[in-house]
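**Q** Sequence:
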Amino acid sequence: MKKKLLKGIYFVALGLLGLGLTAIMAPKECSKEEVKYLEQFQYITNRMGYQKPKKGEITFYQTNGPVSGGSISALSLDDDNTIFAGVFGDGIYKKKSGDDKWESVKSGIKDPFILSLFVSKEGTLYAGTIRGGIFKSDDKGKTWSESNHGLTNLEIATITEYQKEIFIGTGAGVFKSSDQGKQWEPVNKGMESMLVRAIIFDHSGALFAGTAGQGIFHSRDMGKSWQVINFKLQGESGLNENYIRVMVKSPKGHLLAGTFGGGIFKSTDGGRKWIPFNNGLSNISIRSIRAAQDGTLYAGTGEGIFKSSNEGQSWSSINGDLREKSIQSMLFTPDSHLYAGTSNGVFLKNTNESHWLALEKGISFPAVQSILGNPEKGFYAATEGGGIFRSKDGGNSWYQMNEGLSDYNIQTVQEDATHTLYVLSGDGVFLGDRLKKRWVPLDEGIGKSGIHALFIDPSDILYAGTEKGLFRRDNTANYWEKVFLPVDVPIQWTVGDRQTLFALSRQEFFMIPKTGPVLLQPLTYPNHPFEIRGAYFKENLYLWTDREIFEGTVLKHDVRWKPLTALPGGLNCQTLAVENVDGKKVIFAGTEKGIFWSKDQGSTWTKASGKGLLSDTKSFFSPYPGTLLAGTADAGVLVGIGL
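Numbering (my numbering), first residue to last: 525 to 1167.
Please keep in mind that the hints were generated in silico from the structure rather than gathered at the bench. Hints may contain errors.
Simulated DEER-style distance windows between Cβ atoms [stated by the list, open to error]: (1) Glu689 x Glu716: 47 to 57 Å; (2) Glu1005 x Gly909: 24 to 34 Å; (3) Asp703 x Gly909: 38 to 48 Å; (4) Ser717 x Pro775: 26 to 36 Å.
For every residue, glycine included, the Cβ atom is placed at its ideal position computed from N, Cα and C.
Kindly generate the complete structure, drawing on both the sequences and the hints.
**A** If you want it as structure tokens, here you go:
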């Protein structure tokens, strides 16, 4: 089918879907496979505010990932129902009420390993870190300032407030501040060297502190002196449980303590006696406890969330379809919504419903360094730090497939004619073994380090550019062999087609034809050397530097170079793609500030339309005529429609 017709089908199909129709009324010339391919993008047109592509323009739409999530170590809520999430290793994100996307708010936080979050009654947001101390924000996370004056230990595991004073649990006991964190003073006599994981006040103003290994302490004088009371904190096995992770006060004023491996303990007499309340819990590693206004208790464990309607006498699982069951934090909102921070993202549940909703958009998007896709197998995204993600439904949902990988920094993903996958990671080249359902290393003869590029030619021969030169591997062989080159230089990029392979270093390239000698060419225009930053091949060879893009017409023994017009605003080209539309060449350039396209051989450039286009664009891939995928640094994968 002609691409012009397919373009029309795209506009028709997406326009109908945008009107809320459930069926695609494609022209008769469109095959069943093409209709099925179009249908997977229906989720985009169903979004609020969707606008169909404008005639004569390229419009990009954000897919739903991939999102690596991250371990959500803390959750907090401010007075206008904005939710803040602390991601262990990635700072803080917030989600405003009614929004479906998280926003990063970590400017000024020097330590991204968040342990605790707290919003004071005056609206100040506090963040405790594992090694950088405490930070505070008075503008809902837009800016942060360090607030460590007076602290002798910078591990901040818990934060709370009592009578306008802020109390924090550190690796050296409890500290308090009477001036909103400007100055801290120790209130830790008797527990100076203890890591305090939980702090709570009872109805009388007595202060309780749960420690990591020394049990529970209490103070009747606002922390001036402490006494240990953990001798009654005895588990069902008869052993004392001294590692306290969380402490809360039930709606009836009773004290609850969640422990590392002994479950939940309850005290009804001001902490003098503690009794285990674990009936119904299948996992007694307690990470969080929350109380609803109606008296219902929720416990987050290593195997999901449990609830109790009788003050903890019995518990029942509410996991339902919750796919991540390692709970790290929880938050209960006034409108009866329960948020679960897990080891891989945030999930939301209305307490009156059974379904859990993953809140993935915007939180910890890994940079997408390479994309691959086809109508049969779906999309694959190679990410920085998140490994390989796959989507079978046009980017609506993504899942990781990292079994066997030893390094999750994936530079590129490729496939051969049988759709066997190959990836290049920071720990070498791996093959996706379908039988074993895992990645297996291909390092025989090449090693694991110093590999810069991976390319599969149409005859299914693998080429790898390395610090030691160029290597090749037949898909039937079990080893790599070095390819002879006239000079021995590091190879940074490998591109090509059925006839010729191009292996490029920073300042020269090799033409490696199927038959005939290898040709070495310096990178010059005209007679002026330039250092390249990337390469792409489709009919012609394209190279780019910091500021310029060159198009090379491949001759028998040479390449004739032509510079394209520079991108607007002095932007840098970071990736390139070329599509033939209605017999005309359209060039796409991904930059640090979005995507630009040209229909006139690069003489003029137009900024593409759509959301997510201020993002740093890292990669392109065209899985089907009329569609272009773009991988970004902080907005996941975009799909371009309207070609």
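**Q** Do the beta carbons of Ser717 and Pro775 sit within 26 to 36 Å of each other?
**A** 35 Å, holds
**Q** Range first: 24 to 34 Å. Now tell me if the beta carbons of Glu1005 and Gly909 are that far apart.
**A** 32 Å, holds
**Q** Determine whether the Cβ-Cβ distance between Glu689 and Glu716 falls within the hinted range of 47 to 57 Å.
**A** 20 Å, violated
**Q** Range first: 38 to 48 Å. Now tell me if the beta carbons of Asp703 and Gly909 are that far apart.
**A** 39 Å, holds
Hint compliance for this structure: hint 1 is the single one not met.
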